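> Chain by chain, the residues:
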Amino acid sequence: MSVVLEQSEIERSLKRIAHEIIERNHGLDSVILMGIPTRGVTLAQRIGEFLRNIEKPVPVGTLDITMFRDDLRLRPPRALAKTEIPAEGIEGRDLILVDDVLFSGRTIRAALDAIGELGRPRSVQLAVLIDRGHRQLPIRADFVGKNIPTNARENVRVQLLEVDGLDQVEVGI
Amino acid sequence: MKRAHLLSTQELTRADALEILDTARQLSRATDGAIRKLPTLRGRTVVNLFFEDSTRTRLSFEAAAKRLSADVINFSAKGSSVSKGESLKDTAQTLEAMGGELMIIRHSASGAAQRLAESGWVKSHIVNAGDGMHEHPTQALLDAFTIRSHFPEFDRDFTGLRIGIVGDILHSRVARSNAQLLTLLGADVVLIAPPTLLPIGVDTWPVKISYDLDSEISSLDAIMALRVQSERMNDAFFPSEREYAREYGLAGSRLRALKKNAIIMHPGPMNRGLEISAEGADSKQSVILEQVANGVLVRMAVLYLLMGGAPIPTEGVLV
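Line order of the protein sequences matches chains A and B. For the first sequence, my numbering begins at 14 and goes up steadily by one. For the second sequence, my numbering begins at 40 and goes up steadily by one.
Isolated chain A, as found in the complex (with noise of 0.2 Å):
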């Protein structure tokens, strides 16, 4: 595995989103994060802070998909993680999707699913700490941390300080 981000890297990235989040949706009044677990929870939060520092706090929440995944049947069944709408709920917002490797789609696609039985947030935005490529759905993401050009093979393994204990990404076989 080869270190593709190290950790001053990832909070650079982290925070040029939160100002393109603010620059694209005219400020922050309507703005609401879900992140998806594990690790777009912690990016949700950190995303959530930088916002807090430059302009304004904004709700987050997290929103755990399990159940609406399309490749349930192809695994063992998995463990389910929280999932938490902010008090504000989510109708009428700009909803910030926050994950940390786009790659296939799939996730985004049960994401928006789930948000759809929760309600109807004005717009729905991704953000995403690597973009790896290889959709197999017409999916994209509107804040990328890092466009990182992979093989389908290789791994591509996001630590960061809350859950892992160091903050880094990396990639390889």
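Bear in mind the hints are in silico, worked out from the structure with no lab data behind them. Just so you know, not all the hints are guaranteed correct.
[Said to hold, decoys possible] Subject to a maximum C-alpha distance of 25 Å in a straight line, what follows is the list of computed DSS-like cross-link-like pairs (lysine-lysine):
id	chain 1	residue 1	chain 2	residue 2
1	B	Lys298	B	Lys323
2	A	Lys95	B	Lys76
3	B	Lys323	B	Lys299
4	A	Lys159	A	Lys28
5	A	Lys95	B	Lys105
6	B	Lys128	B	Lys162
7	B	Lys105	B	Lys117
8	B	Lys41	A	Lys95
9	B	Lys247	B	Lys299
Since the model is a prediction, treat every value here as computed from it, not as a measurement.
Given chain A, work out where chain B should sit, using these hints.
Leaving out everything else, chain B in the frame of chain A:
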């Protein structure tokens, strides 16, 4: 959980039990946030195979299956082919031929669920929803879930919690499953009943036995009143209902002797005035309706964990 069936609490490991309870808790968080329906089991068929009357358990499983988008086929023995003499084997095979992939079975014979799972008659997943006086594992799981939600400091280990189960232990599969599961999770379980309503061999269960409710009540963190099962009582197990209510009924001064944070449970349906007074059933400490709501969550978790993932490659019997 690598398991094709849920037949008893006896077969569960502590890790299995916690996995089911954790899954139910995450489902509760997701569904609280207004996700009313999950697409997880869309296009899959669940069969309710009920050879014995039960309304709430059947409805609870049906609600759980529907909230996961499964299709439900309900079979009840009354007025069915069983009254024409059809066997369990033929009934189960017929329903599997109609597309059933998981069968929830309630039967008056102890061991019926296990027979169905191990006989090789059907390939379906089997969930025991009560077999005779043997087991009712999902009831015990929902009770454990309810206790856990009220004692968060005992989240992964019930050691130090004292739970009383009062009444007709003899006929109660709920008591048997609960004694097993709650002990597995670390709780101290006390069975409180007249000697006539305790099963033979109860001294080998991992529990304490008491004949006197009043001496136990103030030490309990949760008290579970069992229904007096008059339909199973073809003998005189106690002199009169009034005497039973006086000795073992959860009522009056006993309610005031309970710890302030103790919870009152009942698997339902209740005989108000017999094993529990109206005051007890409706008290602030009563969690009886929460048990019903939690039952749906726990059964969703069981359905998801048994049939949600990749099919387990089956080589003959898998318990």
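> Please list, smallest to largest, the hint numbers that this structure does not respect.
Every hint satisfied by this model.
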